[in-house]
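The hints should help you fit chain B onto chain G, whose structure is shown.
Protein chains: 2
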Amino acid sequence: MKTIASADHHLHFPKGELSGGEFVRPFECPERWDYITRALATSGFSTPTEPDALSMDAVKKVHSMDYLQFLESVWDQWEAEGFKGEALPTVIPARRMQQREPTHVDGRLGYYAMAIETAITKGTYAAAKSSAACAQTAAKLLGPADSSAFALCRPPGHHAGIDLYGGYCFLNNAAIAAQTLLDNGASKVAILDVDFHHGNGTQDIFYNRNDVLFVSLHGDPLHAFPHFLGYADETGIDEGEGYNINYPMLPGTPYSIWGDALADALDQIERYLPDALIISLGVDTYEKDPISFFKLTSDDFTRYGQAISKLKLPTLFVMEGGYAVEEIGINTRNVLTGFMNQ
Amino acid sequence: MKTIASADHHLHFPKGELSGGEFVRPFECPERWDYITRALATSGFSTPTEPDALSMDAVKKVHSMDYLQFLESVWDQWEAEGFKGEALPTVIPARRMQQREPTHVDGRLGYYAMAIETAITKGTYAAAKSSAACAQTAAKLLGPADSSAFALCRPPGHHAGIDLYGGYCFLNNAAIAAQTLLDNGASKVAILDVDFHHGNGTQDIFYNRNDVLFVSLHGDPLHAFPHFLGYADETGIDEGEGYNINYPMLPGTPYSIWGDALADALDQIERYLPDALIISLGVDTYEKDPISFFKLTSDDFTRYGQAISKLKLPTLFVMEGGYAVEEIGINTRNVLTGFMNQ
Numbered sequence: 001m002k003t004i005a006s007a008d009h010h011l012h013f014p015k016g017e018l019s020g021g022e023f024v025r026p027f028e029c030p031e032r033w034d035y036i037t038r039a040l041a042t043s044g045f046s047t048p049t050e051p052d053a054l055s056m057d058a059v060k061k062v063h064s065m066d067y068l069q070f071l072e073s074v075w076d077q078w079e080a081e082g083f084k085g086e087a088l089p090t091v092i093p094a095r096r097m098q099q100r101e102p103t104h105v106d107g108r109l110g111y112y113a114m115a116i117e118t119a120i121t122k123g124t125y126a127a128a129k130s131s132a133a134c135a136q137t138a139a140k141l142l143g144p145a146d147s148s149a150f151a152l153c154r155p156p157g158h159h160a161g162i163d164l165y166g167g168y169c170f171l172n173n174a175a176i177a178a179q180t181l182l183d184n185g186a187s188k189v190a191i192l193d194v195d196f197h198h199g200n201g202t203q204d205i206f207y208n209r210n211d212v213l214f215v216s217l218h219g220d221p222l223h224a225f226p227h228f229l230g231y232a233d234e235t236g237i238d239e240g241e242g243y244n245i246n247y248p249m250l251p252g253t254p255y256s257i258w259g260d261a262l263a264d265a266l267d268q269i270e271r272y273l274p275d276a277l278i279i280s281l282g283v284d285t286y287e288k289d290p291i292s293f294f295k296l297t298s299d300d301f302t303r304y305g306q307a308i309s310k311l312k313l314p315t316l317f318v319m320e321g322g323y324a325v326e327e328i329g330i331n332t333r334n335v336l337t338g339f340m341n342q
Numbered sequence: 343m344k345t346i347a348s349a350d351h352h353l354h355f356p357k358g359e360l361s362g363g364e365f366v367r368p369f370e371c372p373e374r375w376d377y378i379t380r381a382l383a384t385s386g387f388s389t390p391t392e393p394d395a396l397s398m399d400a401v402k403k404v405h406s407m408d409y410l411q412f413l414e415s416v417w418d419q420w421e422a423e424g425f426k427g428e429a430l431p432t433v434i435p436a437r438r439m440q441q442r443e444p445t446h447v448d449g450r451l452g453y454y455a456m457a458i459e460t461a462i463t464k465g466t467y468a469a470a471k472s473s474a475a476c477a478q479t480a481a482k483l484l485g486p487a488d489s490s491a492f493a494l495c496r497p498p499g500h501h502a503g504i505d506l507y508g509g510y511c512f513l514n515n516a517a518i519a520a521q522t523l524l525d526n527g528a529s530k531v532a533i534l535d536v537d538f539h540h541g542n543g544t545q546d547i548f549y550n551r552n553d554v555l556f557v558s559l560h561g562d563p564l565h566a567f568p569h570f571l572g573y574a575d576e577t578g579i580d581e582g583e584g585y586n587i588n589y590p591m592l593p594g595t596p597y598s599i600w601g602d603a604l605a606d607a608l609d610q611i612e613r614y615l616p617d618a619l620i621i622s623l624g625v626d627t628y629e630k631d632p633i634s635f636f637k638l639t640s641d642d643f644t645r646y647g648q649a650i651s652k653l654k655l656p657t658l659f660v661m662e663g664g665y666a667v668e669e670i671g672i673n674t675r676n677v678l679t680g681f682m683n684q
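Here the protein sequences come in this chain order: G and B. Here the first sequence stands for residues 1 to 342, where the numbers follow our numbering. Here the second sequence stands for residues 343 to 684, where the numbers follow our numbering.
If we strip away everything but chain G, and leave its shape as in the complex, we get (with noise of 0.2 Å):
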């Protein structure tokens, strides 16, 4: 299995977090992309490769201009007002509020963020090109040569929507990869979410399209962030009415419960019959993460790879989260080994 992963993510690292009314280090930091590197190379993969540029195509067929736009121009413009600290958002467009684009970046960053512990900084939105680039890069990989690829992300991207960045995601790179699979010729792609949050913003991308089936295992809104989509109810609208399926999972889920969840999922996906599958890959879902409440263990994430790999599909990792950083690598790997040695 191939690796596509870019030095770029370095562009991206705020200094600080916003987490329990204060700024802490980012658990979503460079040192997890080291981790996994290290432990894929040490376990025989070859080694990564830079990705292509990134085409834009598929990115204004998943975001919409304006928050492209969004992305390109706002630290330029929080720059220029001389703020001191990373770009963060103060005020929101709440219920009953105007859902209209402000001129003022408090208020442009208030309109697109989703979620407000995620600082934008110079390099971000460089960071988050490069790291959809790997996802398409990895997607194109996919043929007779590869059957399946893993783009090395950072920063992740399944929390980033049509038009909102937050939870560390700024550009959908799973929804990318997606829609690139589309264009060169798929008709039907899977994705299935094992990341420990919910995908919402790979769930309001294809929410009314049923040419991408959106599968995710995660923790309980109710419990768990991003705490305002992946309930079980929620289910597609229009034409992609059915093709959203959520699992939600209470704190403490172990893999013996989280296990039946992933078959049900893989029944589900098999009936599809998708051209290709997409993992967005986070190992959140383990036992030690400090932010996060399911009990997997190192040894479930190998299993759960030999059981995605029986569906014999193309498939492509794209990583996600996982902040336990001292065990990211190994969980990783067991996934991608326990794929390919099934």
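Accuracy of the hints is not assured; some may be wrong.
What the hints assert, rightly or not - Below, simulated DSS-like cross-link-like pairs (lysine-lysine); rule was C-alpha separation at most 30 Å, straight line:
#1 B:Lys464 - G:Lys15
#2 B:Lys654 - B:Lys482
#3 G:Lys84 - B:Lys464
#4 B:Lys357 - G:Lys84
#5 B:Lys357 - G:Lys122
#6 B:Lys652 - B:Lys637
#7 B:Lys357 - B:Lys464
#8 B:Lys426 - G:Lys288
#9 B:Lys637 - G:Lys84
#10 B:Lys426 - G:Lys295
#11 B:Lys652 - B:Lys344
#12 B:Lys357 - B:Lys630
#13 G:Lys61 - G:Lys122
#14 G:Lys15 - B:Lys426
#15 B:Lys630 - B:Lys652
#16 G:Lys140 - G:Lys312
#17 B:Lys654 - B:Lys403
#18 B:Lys482 - B:Lys402
#19 G:Lys15 - B:Lys357
#20 G:Lys188 - G:Lys61
#21 G:Lys295 - G:Lys312
#22 B:Lys426 - G:Lys122
#23 B:Lys426 - G:Lys84
#24 B:Lys403 - B:Lys482
#25 B:Lys530 - B:Lys654
#26 G:Lys310 - G:Lys2
#27 G:Lys84 - B:Lys630
To be verified - Label pairs and their calculated CB-CB ranges:
#28 G:Gln69 - B:Thr639: 37 to 45 Å
#29 B:Ile599 - G:Ser64: 32 to 40 Å
#30 G:Pro30 - B:Ala422: 32 to 40 Å
Just so you know, the hints here were simulated from the structure itself, not pulled from any lab data. A quick note: this is a predicted structure, and the numbers were derived from the prediction, not measured. Yeah, the Cβ is synthetic: ideal placement off N, Cα and C, and Gly gets one too.
Structure of chain B alone, referenced to chain G:
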């Protein structure tokens, strides 16, 4: 003119306000109150008196029960999570996400927030109730003996909506005063909001009602907080259609323009034939205010106090914003003396 004020305002003073991507000392600080009481004392006003206990009847007619339960419980829940900072939201119900209150405190904060800068602390709700009590007690003063009164509220209230806090506001003091007047025999009340910032919360609360006319002069939301409400095309809905009037104005607006808008606003109020008038009195229209962009001089405050008095209505002044602390006392006093000595 009697002044009602509560020493309990001191119970709310967060260490930090999120501004420009960092924590700064809150602009909405306790010494604002001291500057005002001192300016009034040196101008012959009688000593402020403490309010009666807050009656929750009127409060429950302008805020939702779930929101009041949130304010009551959120600090204890935050503390129980072991967070070290003051309570700030990190994730919000953005467009196309569920408007459903989660269980976790992070999600509850985001569900009820319309702005992020405003931290909740241990004493916040007690201070907010004491502030609302000032407005309510002052409202009850209005009658044959007192044709006007001043509620020196802190924290302010006009950004607090039916079930939303933010912009330094938790309970909507002016709305609670209006409801109290209605509950005590008034059939129509007008609220004139002269704070620099749009009174989004007051608009929200009375948007579908015709027993309260809401008129606001403020910085254009394209450029000014709260950014997502306060446009001229917001005129009310259902029975409230036509009973909401906004005058958004551009950066640099001087009294020559602001005063014209005020004259028009006073005409509208006169035609409404209210039984009483409530002024949401922010003095952040001042030319040296650090977070606003109008250009009123201290003498202009006297002028507009005079203009308001010409309506000859029972009038309650409710303190809102104003952050140029050195001059906040003088400018507030100027409005009140202008009103009394027209």
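Consistency of the hints with the structure:
1. Restraint check for lysine 464 (chain B) and lysine 15 (chain G): satisfied, since their Cα atoms lie roughly 28 Å apart, inside the 30 Å limit.
2. With a C-alpha separation of about 18 Å, the suggested pair lysine 654 (chain B) and lysine 482 (chain B) falls inside the 30 Å cut-off, and the hint holds.
3. A threshold of 30 Å between alpha carbons decides the hint, and for lysine 84 (chain G) with lysine 464 (chain B) the separation of about 29 Å falls inside it, so the pair holds.
4. Restraint check: the Cα-Cα separation between lysine 357 (chain B) and lysine 84 (chain G) comes to about 18 Å, which is no more than 30 Å; the hinted pair holds.
5. With a C-alpha separation of about 28 Å, the suggested pairing of lysine 357 (chain B) with lysine 122 (chain G) holds against the 30 Å cut-off.
6. Between lysine 652 (chain B) and lysine 637 (chain B) the CA atoms are separated by roughly 24 Å; this keeps the pair inside 30 Å, and the hint holds.
7. Between lysine 357 (chain B) and lysine 464 (chain B), the direct Cα distance comes to roughly 12 Å. Compliance with the 30 Å bound is thereby established for this hinted pair.
8. About 21 Å separates the Cα atoms of lysine 426 (chain B) and lysine 288 (chain G), which keeps this hinted pair within 30 Å; it holds.
9. Between the alpha carbons of lysine 637 (chain B) and lysine 84 (chain G) the distance comes to roughly 26 Å, so the proposed pair stays at or under 30 Å and holds.
10. For the hint linking lysine 426 (chain B) to lysine 295 (chain G), the alpha-carbon distance of about 26 Å falls within 30 Å, and the restraint holds.
11. A C-alpha spacing of about 20 Å is found between lysine 652 (chain B) and lysine 344 (chain B), which places the hinted pair at or below 30 Å, so the restraint holds.
12. As the CA atoms of lysine 357 (chain B) and lysine 630 (chain B) are separated by approximately 24 Å, the hinted pair is consistent with the 30 Å bound.
13. Distance hint between lysine 61 (chain G) and lysine 122 (chain G) is fulfilled; the C-alpha atoms sit about 25 Å from each other, no more than 30 Å.
14. A C-alpha spacing of about 18 Å is found between lysine 15 (chain G) and lysine 426 (chain B), which places the hinted pair at or below 30 Å, so the restraint holds.
15. For the proposed pair lysine 630 (chain B) and lysine 652 (chain B), the alpha carbon gap of about 28 Å is at most 30 Å, so the pair holds.
16. Under the criterion of a C-alpha separation no larger than 30 Å, the hint pairing lysine 140 (chain G) with lysine 312 (chain G) is consistent with the structure, at around 18 Å.
17. The straight-line distance between the Cα atoms of lysine 654 (chain B) and lysine 403 (chain B) is roughly 28 Å, inside the 30 Å bound, and the hint therefore holds.
18. In summary, the hint linking lysine 482 (chain B) to lysine 402 (chain B) is supported, as the alpha carbons are separated by about 17 Å, within the 30 Å threshold.
19. For the suggested pair lysine 15 (chain G) and lysine 357 (chain B), the alpha carbons sit about 21 Å apart, so the restraint of at most 30 Å is met.
20. Between lysine 188 (chain G) and lysine 61 (chain G), the direct Cα distance comes to roughly 16 Å. Compliance with the 30 Å bound is thereby established for this hinted pair.
21. For the hint pairing lysine 295 (chain G) with lysine 312 (chain G), the CA-to-CA distance comes to about 27 Å; that is within 30 Å, so the pair holds.
22. Restraint check for lysine 426 (chain B) and lysine 122 (chain G): satisfied, since their Cα atoms lie roughly 29 Å apart, inside the 30 Å limit.
23. Between lysine 426 (chain B) and lysine 84 (chain G), the direct Cα distance comes to roughly 24 Å. Compliance with the 30 Å bound is thereby established for this hinted pair.
24. A distance of roughly 17 Å separates the Cα atoms of lysine 403 (chain B) and lysine 482 (chain B); the hinted pair therefore holds under the 30 Å criterion.
25. Distance check on the hinted pair: lysine 530 (chain B) and lysine 654 (chain B) sit about 15 Å apart at the alpha-carbon level, within 30 Å; holds.
26. As the CA atoms of lysine 310 (chain G) and lysine 2 (chain G) are separated by approximately 20 Å, the hinted pair is consistent with the 30 Å bound.
27. Taking the CA atoms of lysine 84 (chain G) and lysine 630 (chain B), the gap is about 21 Å. The hint holds against a cut of 30 Å.
28. In this structure the supplied range 37 to 45 Å holds for glutamine 69 (chain G) paired with threonine 639 (chain B), their Cβ-Cβ distance being about 39 Å.
29. Distance hint for isoleucine 599 (chain B) and serine 64 (chain G): a CB-CB separation of about 36 Å, consistent with the stated range 32 to 40 Å.
30. For the pair proline 30 (chain G) and alanine 422 (chain B), the supplied restraint of 32 to 40 Å holds, since their beta-carbon distance comes to about 33 Å.
Every hint from the earlier list agrees with this structure, and none is contradicted.
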